[in-house]
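J.: Each chain is listed here by its residues.
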Amino acid sequence: MSFILNGYRQEPPAEWADEPLLFILREHFGLVGAKFGCGVGICGACTVLVDNVPTRACITTLDDVEGRQVQTIEGLAKGETLHPVQQAWLDHAVPQCGYCQAGQIMTAVALLNDTPAPTDQDIDAAMDGNLCRCGTYPRIRAAILHVAEGA
Amino acid sequence: MRRRTFLKAAGGGLVALIGAGAAVWSQAPIFPKRPAPDAASALGWISHRDGAYVLTLPRIEMGQNITTALKQIACAELGTDWRRVTVEMHDTNMGRVRATVGSESIMHFAEPLAQACAALRDALASGQSEGEVTVVTRPFADLRAFRAGPIVGASPEIAHGRAIVTGAPLYAADVTRPGMLYGRVLRAPASTELTSRPRRWNSRAARAVPGFVAIVEDCGPPIGKARGLGIVTSRPGALDPVARALAVEWDMDDAAPLPDMAMLIDVDAHAPGGLPHLVLDGAPQDGLWDVDMRLDIPLAAHGPIEPRAAVAEWQEDGLSVWSGTQDAFYVRDVLADAFSVTQDRVVVTSCRVGGAFGGKTLCTVEAEAAALSRATSAPVKIQWTRAQEYALGFHRPPSSHRIRARLAEGRITDWDHAQVSSHILFTGAGVPAWLQTGTDMVIGDPGVARGMAAPYKLGRARAAYDAIRLSVHAGPWRGLGAGPNGLAIESAIDEAARVAGVDPLSFRLDHVTDPRLSDVLVRVAALSDWSSGPPQVAGARTGRGVACGIYKDTSYAAVVADVAVDACGSVRVTRLWCAHDCGFVINPDQVRAQCEGNLAWSVGMILTDDLPTQQGRVVAETFADAPIPRMTDLPEITVDLIEGTGPLSGAGETAIVAGPGAIANALRAATGRRATRFPLQPTEFAL
Ligand code: FES
Ligand code: FES
Chain A
0 MSFILNGYRQ EPPAEWADEP LLFILREHFG LVGAKFGCGV GICGACTVLV DNVPTRACIT
60 TLDDVEGRQV QTIEGLAKGE TLHPVQQAWL DHAVPQCGYC QAGQIMTAVA LLNDTPAPTD
120 QDIDAAMDGN LCRCGTYPRI RAAILHVAEG A
Chain B
0 MRRRTFLKAA GGGLVALIGA GAAVWSQAPI FPKRPAPDAA SALGWISHRD GAYVLTLPRI
60 EMGQNITTAL KQIACAELGT DWRRVTVEMH DTNMGRVRAT VGSESIMHFA EPLAQACAAL
120 RDALASGQSE GEVTVVTRPF ADLRAFRAGP IVGASPEIAH GRAIVTGAPL YAADVTRPGM
180 LYGRVLRAPA STELTSRPRR WNSRAARAVP GFVAIVEDCG PPIGKARGLG IVTSRPGALD
240 PVARALAVEW DMDDAAPLPD MAMLIDVDAH APGGLPHLVL DGAPQDGLWD VDMRLDIPLA
300 AHGPIEPRAA VAEWQEDGLS VWSGTQDAFY VRDVLADAFS VTQDRVVVTS CRVGGAFGGK
360 TLCTVEAEAA ALSRATSAPV KIQWTRAQEY ALGFHRPPSS HRIRARLAEG RITDWDHAQV
420 SSHILFTGAG VPAWLQTGTD MVIGDPGVAR GMAAPYKLGR ARAAYDAIRL SVHAGPWRGL
480 GAGPNGLAIE SAIDEAARVA GVDPLSFRLD HVTDPRLSDV LVRVAALSDW SSGPPQVAGA
540 RTGRGVACGI YKDTSYAAVV ADVAVDACGS VRVTRLWCAH DCGFVINPDQ VRAQCEGNLA
600 WSVGMILTDD LPTQQGRVVA ETFADAPIPR MTDLPEITVD LIEGTGPLSG AGETAIVAGP
660 GAIANALRAA TGRRATRFPL QPTEFAL
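Heads up: the protein sequence lines correspond to chains A and B, in order. Going by numbering that gives the first Met the number 0, the first sequence opens with residue 0, and the numbers climb by one from there. Going by numbering that gives the first Met the number 0, the second sequence opens with residue 0, and the numbers climb by one from there.
For reference, chain A alone in the conformation it holds in the complex (with noise of 0.2 Å):
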């Protein structure tokens, strides 16, 4: 059972099939940017691209990764070089905790992908399912819109 990780084909050991693709990033491979929030689906701390579809990790198996590309927010940066979106989140200092970031990045970058001059509208319907107790929306918002101005 494999799958790319970041690039990079990956084979978990046997023991590991039946955990939760989040478990295996961050605690096997030691990909720790995805995080636990809940485990059930809602609160999108753990969002990774499966094929540049965000997916919640803590409830994907390994078998639903067989042979796709997973990316991580530890694969999204060239060498010293952030990714856009990652400069983005710098300079409107998005972050406050920053427990929630990663999975807002990796929806972000999915969003900027698939519609890079998203409205308004396409940013709620993309990131609404991302949550953060911080209260961090509205520069997310702007950090998105920051990334489609300069595309």
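Quick caveat, the hints were computed from the structure, so don't treat them as lab data. Treat the hints with care, since some could be wrong.
As the list claims (entries may be wrong) - Partial list, derived from the structure: chain B residues whose beta carbon lies under 8 Å from chain A:
#1 163
#2 168
#3 351
What the hints assert, rightly or not - Label-pair ranges, simulated between beta-carbon atoms:
#4 B/203 <-> A/67: 35 to 43 Å
#5 A/10 <-> B/376: 28 to 36 Å
#6 B/243 <-> A/67: 23 to 31 Å
#7 A/17 <-> B/217: 23 to 31 Å
#8 B/315 <-> A/5: 33 to 41 Å
#9 A/67 <-> B/565: 39 to 47 Å
#10 A/6 <-> B/315: 36 to 44 Å
#11 B/128 <-> A/112: 51 to 59 Å
#12 B/175 <-> A/60: 21 to 29 Å
#13 A/10 <-> B/344: 39 to 47 Å
#14 A/5 <-> B/587: 31 to 39 Å
#15 B/203 <-> A/16: 20 to 28 Å
#16 B/587 <-> A/121: 29 to 37 Å
Glycine is no exception: its CB is placed at the ideal position from the N, C-alpha and C atoms.
On the provided structure of chain A, position chain B with the ligands as indicated by the hints.
T.: For chain B with the ligands alone, kept in the frame of chain A given last:
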């Protein structure tokens, strides 16, 4: 070596049942110590070597970005470059600092840090390059950090920002240790006020689950009165199936039905004038009231996206714990006491916290991890489930308010605010009932009282409250009592303005006593073009409201809100403006961010916050049961900072004194109806 033997035994199917017979855990509570930070202790926060500095953060970082602000102060005072200062989180090997609570990090820690940095700078300038430095405290005006300059008063890239956007490890659950196992402590589905303990469980079924490592009976102090049963696995995903397979049956002391919480705190069921704790001690006259309103605010969760987490590891020389806590030293003290080791043998390392809001101030998951680690001789990571966060944490207490006001000639002459709530500072989660009886008698609960003294000329004014111990534990929540009290007071003031027939903004200005409060009101009026009213929204009723307040006598906010209400009564906040004055500002962008966060919480207080209970216990298990605001709930927000020269204060809990009231008042303007129960029920505002 030891660990390998152990895992082999478990993998080979041996019963790893550890610590039969529950230990006796100490019943005497440990109280958090609150040393005042001073310049001498601040020397322990900053060090220098070969032209580079290390700032060991004396605070917890939980999103308030104090890391960035204190680094700005250090750089400005040292006169050094941003890149020469590295910031590290503290562990308990540093001198004790008090909990990171109450928006006091800039207020109380900025000056001592600057004093220490100034002393270090002078020592370096005089050629000293090793050894200790002594601080001679200089006048505040001589410090360089508190003058606007290229670093202070600016907003550099936030500390940890790069790590956050690249997914680098920062939080407790990101910690990993060689040979680490995963744990959970199961507890009865009951109020933690009731004694409960595991009676029977199916070890055989649990053992058959792949990844099972151990069942641990001796799994740390109870939470409230709930004793647990620990499980340990080699993979985190095995915890759920092991828990299910165990099918624990519980002994529960549920003989007597728990009294209904809403009834216990019903303000009208308490004798008028008979509430024991006075905040304002005037004597309003008897007679008919012009305003007489009842307001009920429910139990609410903190709802941080990070469920609390800890990694614990026992080694020869003691216990190491990594935790996302607001008070590493308190956690250290409790662990040392619980496991009967000296404090110097326990090291608690503060990790960045994924949202706390007052909720991560006690020692819970850390003791669970330490107990399971001790039992298995391996490092153990525990992260609570969302359901555990609700069931085992403490919450914002429900509160019930009655406010009455009388007016003559457009002025309030009599005011009576009665409130019944539950304990906040003397939280039932940390203070047993017998001790609360004592604190109740001596001082009441200043957390409930916070923000209850309305910042207005009110004539003969009384404000009094009581705090009742409930079966669901209440405790500190962003702003403590100030959010709910502000909502109640600002709603009543708005009604009073209507009675007087005066514009609510002018009415407030007529009654305000503190010029800084007047200033934020005037500023927010200009910012929002107050008198222009809300823009029309097709198919909706619209309204605009204003509210203001003072937090802890030191910081000021005024908020204007616009709302739109559709025919079904569903309410949308369409615009928010905030004017904010917290004195001299170190980092304007991050003060703004705190205002934005407070306004998001204000929207939550009106639209979402509620933690459902049944039979005296929390029954919420996911965010679906206890929702928090979403992106589409928040409008455009504009914040105007008054960057004054006033004394340093805080921003983390200020705007929440005004935001909820402004929204409720806008709703009143839009619909003619006063919201008195929260979160709003759309049916109440339907056409
Ligand atoms: S942790 Fe996956 S959606 Fe919340
Ligand atoms: S930044 Fe804290 S939850 Fe989003």
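J.: Each hint should be assessed against the structure and marked as holding or not.
T.: Here is what the structure says about each hint:
Among the interface hints, the one on residue 163 of chain B holds; its C-beta lies about 4 Å from the nearest C-beta in chain A, closer than the 8 Å criterion. The beta carbon of residue 168 of chain B is positioned within 8 Å of a beta carbon in chain A (closest approach about 5 Å), and the interface hint is therefore held. This hint holds: residue 351 of chain B has a C-beta 7 Å from the nearest C-beta of chain A, less than the 8 Å allowed. Between residue 203 of chain B and residue 67 of chain A the C-beta distance comes to about 38 Å, which sits within the given range of 35 to 43 Å.
Remark: the range hint 28 to 36 Å for residue 10 of chain A to residue 376 of chain B is upheld by a beta-carbon distance near 31 Å. For the pair residue 243 of chain B and residue 67 of chain A, the beta carbons lie near 29 Å from each other, so the given range of 23 to 31 Å is met. At about 29 Å, the beta-carbon gap between residue 17 of chain A and residue 217 of chain B stays in the expected band of 23 to 31 Å. Judged by the Cβ atoms, the range 33 to 41 Å given for residue 315 of chain B and residue 5 of chain A holds: they are separated by roughly 39 Å.
For the pair residue 67 of chain A and residue 565 of chain B, the supplied restraint of 39 to 47 Å holds, since their beta-carbon distance comes to about 42 Å. Between residue 6 of chain A and residue 315 of chain B the C-beta distance comes to about 43 Å, which sits within the given range of 36 to 44 Å. The hinted window of 51 to 59 Å between residue 128 of chain B and residue 112 of chain A holds, with their beta carbons roughly 53 Å apart. A C-beta distance of roughly 23 Å is found between residue 175 of chain B and residue 60 of chain A, which places it inside the suggested range of 21 to 29 Å.
Taken as a hint, the range 39 to 47 Å holds for the pair residue 10 of chain A and residue 344 of chain B, whose Cβ atoms sit roughly 42 Å apart. Here the CB-CB span from residue 5 of chain A to residue 587 of chain B is close to 37 Å, well matched to the stated 31 to 39 Å. In this structure the supplied range 20 to 28 Å holds for residue 203 of chain B paired with residue 16 of chain A, their Cβ-Cβ distance being about 24 Å. A C-beta distance of roughly 31 Å is found between residue 587 of chain B and residue 121 of chain A, which places it inside the suggested range of 29 to 37 Å.
In summary, the structure agrees with every hint in the numbered list given earlier.
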